[in-house]
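**Q** Sequence:
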Amino acid sequence: MKNNIFSSLVSITKGLHRDNRSEREFQLLLSEIKLYPLATNAVFKIHFKRPLNSKKEYYQKSIFNETEKTIVSFIADFPENATTSENNYSYTILHNKFDKYLNDIASYITKRDITEDLSEDVDYIINYLKVSVIRLYAELQEQYGQFSETPLFTIPEIAEKYFNDTKFNADLIKKIETSKKVVIKKTSKPKSKPKTSFGFKSRDTAKLLAVLKDLHFKIDLLQNGISVEELHKLLIAKDFTQIDSQIYLECETTQFSYVVSKLKPFFNSFNPTAIERSGKFITKTGADLKANNLHKNKVHNPKEKEEIDKIIQQLQ
1 MKNNIFSSLV SITKGLHRDN RSEREFQLLL SEIKLYPLAT NAVFKIHFKR PLNSKKEYYQ
61 KSIFNETEKT IVSFIADFPE NATTSENNYS YTILHNKFDK YLNDIASYIT KRDITEDLSE
121 DVDYIINYLK VSVIRLYAEL QEQYGQFSET PLFTIPEIAE KYFNDTKFNA DLIKKIETSK
181 KVVIKKTSKP KSKPKTSFGF KSRDTAKLLA VLKDLHFKID LLQNGISVEE LHKLLIAKDF
241 TQIDSQIYLE CETTQFSYVV SKLKPFFNSF NPTAIERSGK FITKTGADLK ANNLHKNKVH
301 NPKEKEEIDK IIQQLQ
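For the sequence shown, position 146 matches number 146 in UniProt numbering, and the numbering has no gaps at all.
Read the hints as simulated data drawn from the structure, not as lab findings.
Some hints here could point you the wrong way.
As the list claims (entries may be wrong) - Beta-carbon label-pair distances, calculated as ranges:
hint: 1; residue 1: PHE217; residue 2: ARG50; range: 35 to 45 Å
hint: 2; residue 1: ASP171; residue 2: THR115; range: 16 to 26 Å
hint: 3; residue 1: ASP117; residue 2: ASP204; range: 49 to 59 Å
hint: 4; residue 1: GLU250; residue 2: ARG21; range: 40 to 50 Å
hint: 5; residue 1: ASN53; residue 2: THR196; range: 54 to 64 Å
hint: 6; residue 1: ALA210; residue 2: ASP117; range: 47 to 57 Å
These numbers were taken from a predicted model, which means no experiment stands behind them.
A virtual CB, placed ideally from N, CA and C, is assigned to each residue, including glycine.
Taking the hints into account, I'd like the entire structure generated from these sequences.
**A** Below, the structure written as C-alpha cells:
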C-alpha cells in the first residue's frame, strides 16, 4: 500500500477489508517485495505466528518493513548535536503519531469485530499491525523516554491503555539481549571514583529486611523467583559489584520511584543515579532501570502511598 501502512490498513473507507486480491496476485506481489533487516538501533523484536498464505505474508512483510524503517529514522530524528528542547519536540511529534496509530487501530478492531483468531486473514494482519505499533511505542520510550513529557508505560500497560487488553501476551514483544540502547548524552561530567555501595546507615540490617518484606507483600515489589533476601543483600553490600543477583521489579515504576525517595534518608547513596550505576535493577519489561525512568515516574501520590509510608516509618 502506497500510503502509510499503519493508517491505511485501518481506514474505514479504504482499509484492509476492501482488499479482495487473489492468492495468485499476492504471490506476484511477494516476488517483488524485499524484506528489510532488523533495525540496527532496535531494542525489541516481535515473535509472532508464521503467516501461512500469501496475503498474510505480504502484509506481514510490508508492516515489518515499515516498522524497521520507522525505527531507523529515530537516529535522524534525535541527532547527537540536538538540544534538549529539540529532542523534546521530536519526541512529542513521534509520540502523538504513534498515539494516533494505536487509537485508529483500536477503533478499527472495535468497528470490524476483529478477533484474535489468527486463522482469519484480516484478523491475523490487524493483530500483527497492533503488535507492531505497540512495539514502536515501546521502542520510542525505551530509547528516548528521557525526553517525554508524559508518563511512560510498560508493554502490557500500552496494550491495556489503548486496547483494553488486560491479557496481552508480553512474549510477543521481547527485548533483544544483544542490542545496545541508543543513548543521547546531554552533558559529560568529570567523574571521581564511583561509589559501589548504597551505604545503609544503620547497623540494624534486620529491620531493613523486615521493611522490604512488608513492602513486597503490600505492593508486589519483586517478580516471582526473586527473593526479598537478595534485594536486602544488595542494599547492605559494601561492594554491590560483587553481588551476582539482579533485582527484577514487579511493582509499578511510580511506586518504586516513591519507595526510593522514602528510603533515601536511610542510606548514604541510595538514589536513581546509584541505582542505574549498579546495573542490578530490571524493569517489568526486562530493561535496565535507568535514573531517568525513575525521575520521570516520580509522583507524590502513588498507589498504596499511605501503606508505603507506614512501612518505611519502621526504620526511624
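**Q** If a hint holds in the structure, say so; if it does not, say that too.
**A** Do the hints match the structure? See the list:
1. Separated by about 43 Å at the C-beta atoms, PHE217 and ARG50 satisfy the suggested range of 35 to 45 Å.
2. Distance hint for ASP171 and THR115: a CB-CB separation of about 20 Å, consistent with the stated range 16 to 26 Å.
3. A hinted range of 49 to 59 Å for the beta carbons of ASP117 and ASP204 is consistent with their spacing of about 58 Å.
4. Checked against the given bound of 40 to 50 Å, the beta carbons of GLU250 and ARG21, roughly 46 Å apart, stay inside it.
5. A beta carbon spacing of about 56 Å between ASN53 and THR196 agrees with the range 54 to 64 Å that was offered as a hint.
6. The given range of 47 to 57 Å is respected by ALA210 and ASP117, whose C-beta atoms sit roughly 50 Å from each other.
Violated hints are absent here; each numbered hint is respected by the structure.
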